[in-house]
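Trainee: Assemble the whole structure, with the sequences as input and the hints as a guide.
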Amino acid sequence: MHPSENAITDYVDGTLDTTATADIDRHLESCPSCRRLVDDMREIKGVAASLELREPPIRSWTRLERAVTLEAETRSAQRAQSAPPSVALHAQRAWRSRGALGWLAAAAVLLVATGVGLKLILSTPPPSTARTAAPSSTAPNASANAAAQSVEAELRQAEDHYEKAIKGLEQIASAEQNVFDPKTAATLQKNLAVIDQAISESRAALRAEPTSEPAQQSLLESFKAKMALLQDTVSLINEMRKGNDAGAAQIVSGLKQKGD
Amino acid sequence: MQNRLALVAMLSVAAVPIAAAQDPYDPDPRIAVREVVRDVVRDHVQSVMRERVVTPRTARAYQGRDRGPEQTERFSRKVKLGRDGRFTIENIAGSITVTTGSGDEVSIEAVKRTRGDRAQLTSVHIIVDERPGRVEVRTDHTGRNDRVGVDYTVTVPASTGVEAKSVSGDLKVTGVQGIVRLESVSGNINAASLPKLESAKSVSGDVDLSDASPEADLNATSVSGSIRAKGLKARTLDLGTVSGDLVLSDIACSRLGVRSVSGNVDYSGTLAKSGRYDINSHSGNVRLALATDVGFELSATSFSGSIRSELPMTLGGNSSSSSSSNRDRDNRRRMGPGHATHAVFGDGSAALVVRTFSGDIVITKR
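Protein sequences appear in the order of chains F and H.
Numbered by the numbering used here, the letters in the first sequence go through residues 3 to 262 in order.
Numbered by the numbering used here, the letters in the second sequence go through residues 496 to 861 in order.
Since the hints were derived computationally from the structure, they do not count as laboratory data.
Note that the coordinates shown come from a computational prediction; the quantities given were computed from them, not determined experimentally.
The C-beta atom is built at its ideal place from N, Cα and C for all residues, glycine as well.
Careful: at least some of the hints might be erroneous.
[Unchecked claim] Here are a few chain H residues that face chain F, going by a calculated C-beta distance under 8 Å:
hint	residue
1	Pro564
2	Ser708
3	Arg754
4	Asn775
5	His777
6	Ser778
Mentor: Next comes the structure, spelled out in structure tokens:
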């Protein structure tokens, strides 16, 4: 039986006690693959010593946060196993089963969530209509303010729905980025960043002008664009998995390197 | 401390054989930490490894691995399909070209290519699955990490429906009369003279659509590639990009939906009476060159972009600017930024809805 990853790491770092070190020494005598691994680790450790200090990018913390949140959700789901499982939990379990159907189920749950958001938005009267419908004779400012607050509240509600759905899709998409070749993965990330920028600009505009119809529309359109891109990404992941194209990314990547 | 962090990351990279035994969907934060730190140092490590660890001889050997003479292997197959059949083809790397021919056969010509070991060619299998009224072609890469591309040239009976998917590699389909659906991840899509083209989707490739009168609703999307459509006469066009530009010329359709986040939108064409045209862009500019034979009612909004028309329009309401009033009627003028403008040109029979956040909106005469 091979030593654990942590044991080998500690062995290379020289932090194991003498008994454990001796055990691994004995294993290495008869296991060429672990010997190669240890050699590689030592070589890399040597190179690492010469690296300059670097700060992790901001986006890294988002990924960490997602992983920690996901773990917490998984644990609470496990604790609640005796309770009737929710639709979302079903989807989450199916998703973890790694089958294409599982991915589709997870995406379907998110689509339901999005549908709720969309319904909410569609049921919201256009802000301009709300403004024009406001009585002009008595207390126009109060009515206008009330209408504006109502629109803002509904916008926030719609935003919440979108954000929940987007968060779920992001988890799927980021966990499965390895099915894409690096250039495609970079393209998707770059364009998600373009949309995030649009969302950010729209939010800033709404902070400055809460009743701006173009800013409201732009925010909702940007959410829709992000949802669409993430849904397409998940669909693509499903396609790649379904077609057993796990190696496709490597093949494509290899060919691109060759062509570069 | 950070050197230690980097070391952990690199040890994780080296420990892949062991880590691979774990469930890849395990949300263990340690794995996330490892991936994050690995990302941080990966580029740096690669450069250091290149400079210090990999000897020039090893590097030359590695680089030469796929720089040898091109090795090819040809594949040829003819399959009877008959009229109105369906042809499906999937490819990972390499182009797919589909044209039409007389007769009732599908002709599949393929060339496998590699600059690596010739033996790699045999690990790629072209599977042709024949069923009544249907032919499916798949490209199976059975070897790991092979570097083989397959270029297909296919001829189908004109009435055939075609579905083509490629991960990397261009798709070109011409003259097919049946329903056509095209998908590519990083390849370009070129679709010409396809009356029943339903969809053309790419992630990073460009999409070119030309000379067709799609009877069905046509949906074309790309994430970062451009979408160019020329000479299309369609009932409904639904087009979308994130960062790619949309260039639509000589278009005639009664329903148009265009979405872009940062890409520009250029539309040149005619409007249909009672047609509806919705164009949305966040930061991309929208330029419309319109034939003047059909009037339209314009509803244009932009948060900070300008709205400008060279066509004489009657302004009918401006929700955010007090400067516009009756004196703005029937003139050609810059309407200014931050507007929600309603205006009518001619009989106002078509509905033109244009929204941007910061992109400019310009309407000119075609």
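Trainee: Are the hints correct? Go through all of them and say.
Mentor: Okay, the hints, checked on the actual structure:
1. Taking 8 Å as the C-beta cut-off, the interface hint given for proline 564 (chain H) is violated, the closest approach to chain F being about 13 Å.
2. With a least beta-carbon distance of about 27 Å to chain F, the hint placing serine 708 (chain H) at the interface is violated under the 8 Å criterion.
3. Annotation: interface hint on arginine 754 (chain H) holds; nearest CB of chain F at approximately 7 Å, less than 8 Å.
4. Taking 8 Å as the C-beta contact cut-off toward chain F, the hint placing asparagine 775 (chain H) at the interface holds, the least distance being around 5 Å.
5. The closest approach between the C-beta of histidine 777 (chain H) and any C-beta of chain F is roughly 4 Å, which is under the 8 Å cut-off, so the hint is satisfied.
6. A distance limit of 8 Å between C-beta atoms decides the matter here; for serine 778 (chain H) the minimum to chain F is near 7 Å, and the interface restraint holds.
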